[in-house]
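Novice: As a plain string of letters, each chain reads:
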Amino acid sequence: MIRQVANPFAPALAQKIFHYRWLLYELVSRDLKLRYRGSVLGFAWTLLNPLLFMAVYTLVFGVYLRFGIHNYPVFLMSGIMAWQWFATGMQIGTSSIIDGRMYVGKTVFPAELLVIVPVLSNCVNFAFSLPFLIAIVFLFHQHLGAPLLLLPVLMLAQALLMTGLLFFFATLNVFFRDLQQLVQVVLTLLFFLIPIFYAPDVIPAFARSFVLANPIAVLIIGYQHIFYYNDFPNVASLAYVFIVATVLVAAGYAMFAHYREALGEYL
Amino acid sequence: MSAISAVDVVKRFRHLALPKQTTLKETIVKRLLGGSRNRRSIEAIAGVSFSVRPGQVLGIVGRNGSGKTTLLRLLSGVYAPDEGRIEISGTLAPLLSLAAGFHPDLSGRENARIELMILGFSPKQIQQRMDQIIDFAEIGEFVDAPVRTYSSGMMMRLAFAAAVSVDPDVLLLDEVLAVGDAAFAEKCLACVDDFRKRGKTIVLVTHSTQLVRERCDVAMWLDRGKVAAFGDPVEVTDAYYQAAKESERSEVAVQKRKAPLRTIVVFGNCQAEALANIIKKDVLVQSRFRVVYYPDYETPGQARETPTPEELNASALLFSQHGPDPFPYFDQLPKECLMVRFPSVDLNLLWPFNCVNPYNRPKPEFDWGPFPYGDRIILECVEKDMPPDEILEYYLTGWPRYKPDLNRLGQLERARLETRDGHCDLKMAPWVMEHFRNRRLFWTVNHPAQIVLREVLQRLIHASASVDPDLQDADLEETQRVYFPAGEQLSIANIPIHPKLAEELQLEWYNPHQSFEVFGKVYSYEEYFRRMIDYCVSERAAAAITAPA
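Quick mapping for you: the protein sequence lines, in order, are chains A and B. First residue of the first sequence: 1, per my numbering; consecutive thereafter. First residue of the second sequence: 1, per my numbering; consecutive thereafter.
Because the hints were derived from the structure by calculation, they are not lab data. Worth double-checking, as some hints may not be accurate.
Stated by the list, open to error - EDC-like, lysine to aspartate or glutamate: derived pairs with alpha carbons at most 20 Å apart:
1. A:K33 with B:D217
2. B:K187 with B:D167
3. A:K33 with B:D82
4. B:K197 with B:D223
5. B:K226 with B:E83
6. B:K280 with B:E310
Please model the entire structure based on the sequences and the hints provided.
Specialist: Take a look at the structure:
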C-alpha cells in the first residue's frame, strides 16, 4: 500500500521508521518477549550476566592484579553495561536479516526495521538495567550529578553508531555468512582493546590515540565519566562519534537500499 | 481508470545464478584470480502489460515456474520491476504465501498484529479488527498458541482472515485457496464474491481452471514470464488447458519412447522355458515387457544364453523355478523387481516328461531308460482330442496301465536332481512344447503349473500397473477375464513346499491307489492331487512351511 521509492539517504530512513513506528514497537517488544519466553530467570539474566562479570573481574583485576582503581566494581559496571548492549546488539543484528527471512522478500516488509530492532531492544535492556547500575554507584558511596543529563545523548550516539554498522554487517552477512563469525571474533578482541575493565591511562601514549579513535571506546569512556568520575564526557570526542555514526548510517543505509532487492532473492 | 495497471514489466533475477552460499574467502579468491563473475540473469517476467478495472476479479493461470508468483510479488511491491511500471490505486493487501510473514514462535494473534502493522495499521485500528479476524479464522483458542503448532489449514485461515480484515481495495491471493477444508474454501469464495460486489479488485493465482471460470471476470495465462492469453476466462482457461494437455501428452510420449521395455526374467529348466514362451505370446505383456528366458542348465555344444545388463536393469519381475537365489544375476536385479518362485517339485508332480532322449550326457552314471508315462498319456489324450475334463479323468485313472515301477521312478527323479547341476538332463519333447505353446496342455488339467502361470500373470499385471501409469483398470479386468475365467483370486506367488512333503512325494510317487499321509492326515491320490492344488494357492501353504515337521 505504501510505495516508497528507495531513497539512499537517512531522512528516508527516518520517514520509514516514523511510518512503521507501531510495527517497530511491536517488533521490539516481541524481541524482548521472545528472548525471555521460556526462561526461568527472564530479565534477571540481563543483570546477572554483568553481575557475574563484575564479581570475576573485581576478583582478578581488583584483588589479584591490583589495578588500583578505587571502587573497581563501579568502574567496571559503568562501562560493561553499555558494552553488553553494544556487543549483544551487534551480534544479533548482524544475522538479523537472515533471521527475518520469513518476512524479507516474501511480504511487503520494511527490512530496515529488522536491523534496527536489535539495537533498540538491547537499548531497552540497557535502560532497564540502569537502576541497578545506579544502585551500585550509591552502594559504593560514589556520586552522580549533572553529567547524568548527557546519558541520553550518549545512548543516542551509540544507537546511531550501531545502526550504521549493522546496515553494513546485516546486509553483507546475507551474501557472506562468514561475517557473523568475524563479528563475533572482533567483538571479543575489542572487549580487551577498549578500556572497559581498565582505565585508559594504562594505555601507552602512542597507542592511546588509536584506541580513542574508536567511537565505541569513546562512548564507553563517556559512560565511565558519567557513572564513575561524575564528570562530563569530552564534548569534542562526542561530536566526533556523532559525525562518524551519522556518516555510517547514511552510507550503510545507502548500501542496504542498493541491495534491498537482492536480499529477498538470496534468502 | 484502472485499479491495477502494468506496463512492460520486466523482472530479472540476477543472483539466482550464483551459488547460494558464498563465503568471503571464495569471493576474495575469485576476485584475486580474476575469475569472471558469473552473473547470468533470469527473466522471470519478460514484458508483461495488462490492466484490471476496479471490481474485476483477475485469475492468473500458468504452469509452475511461469512467473505467477513473481508477478504477484511485483504487484504487491515485494519486488520492484527492473523495467516498466506498475500502478495500483487504493490500498492493497497481499496474501502471498502461507507461512510468509508468520514467525513460528509467536502466537497467531501476535502474528496477525504484525501482519496488519506491516500493512500500516495502528494498534487501535488493529484492536478493532482483531475480533473479526479471530471470528473469521475459526481457529478458537489456537489463536494464542505459537504458529509453529498450526496445521497448514489453520495457517491459511489466519492469513486469509488477516488479509480480508484489512478490507483493501486490491486483494492479491496466491494459490491460498487450495489449502484448507471445503467449508472454509467456500467461506473464502463467498468473501471473494462479496469483495467483488463492493467494487474491489482481486487478483487470484490458481491452478484451478474451474475457479477461474466461475469466479473471475478476466483471466491471464502466463507462460514463461509472458502473457500467453488475456481476456475471457473461459477462452483463456480453454487455451491453457489444451496447451497443458498437449505438452503433457508429448512429454509422456517422449518418456515412453525413451523408456525401454521392462524385462521379465524367466529362469529355470525346460518347464520354465515353456512358461516363458507362453508369457511372451501375451499381447498385454508384449506391449510392456520383454520376456527373457534364462536356462538353469547348459546345453552341451551351445553357449549359455545370458541376460544383458540392460535387461537386468530393467527387470520388473523374476520368475524363477528354483527360488530367486540360484539365479546367477540375482544381485544385479533392481530392488523393486518382484520375484515369483515356484519349486520344481510342483511342476514335476504331474508334468509329462519325455526322457527318451536325454542327449549327449557326458558320463551317464545312471541308466535313464524311457519315462514310461506322462507324455504318453498326454499323447493319447491329444490324439483322441479329449475335452479337458476327460483328460483329467484319463490322466488320473489311466496311467496305471503303464505299470510304472515306482521305486525306479523315485530313483530316476533323485538321480535327475543330483546330476542336474551343470548338465542338461532332460528336454521336453518338441510336441509337448508345441502343446504348451498352444496352451492346450494347460487346459488339460488344473495343473499347478497352470496356477503358477496365472499367478505370474497376475503379478505381472500388478507389477506393470505400478511401473506403468498408463495401465487402465480395464486392462486389468481384461487380463482377469482371460486368465482367470472362474474369477479366482490368487494371493501366493511364492508357492511353498514343505521339505518333508517333497520328500514324501519322491518316495511315494504317482500311485493313485496309494494313500498319502501328510502332516498326520491320510489322502487318496486324487484327493491329494486336489488338495495339492488347493494347497498351492492357499494361505495355509505359507503357514505349513513353518509347521512342525
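Novice: State for each hint whether it applies.
Specialist: Hints, one by one, checked against the model:
| no. | hint | in the structure |
| --- | --- | --- |
| 1 | A:K33 with B:D217 | violated, 46 Å |
| 2 | B:K187 with B:D167 | holds, 16 Å |
| 3 | A:K33 with B:D82 | violated, 39 Å |
| 4 | B:K197 with B:D223 | violated, 30 Å |
| 5 | B:K226 with B:E83 | holds, 14 Å |
| 6 | B:K280 with B:E310 | holds, 18 Å |
Comparing the model with each numbered hint stated earlier shows that hints 1, 3, 4 do not hold.
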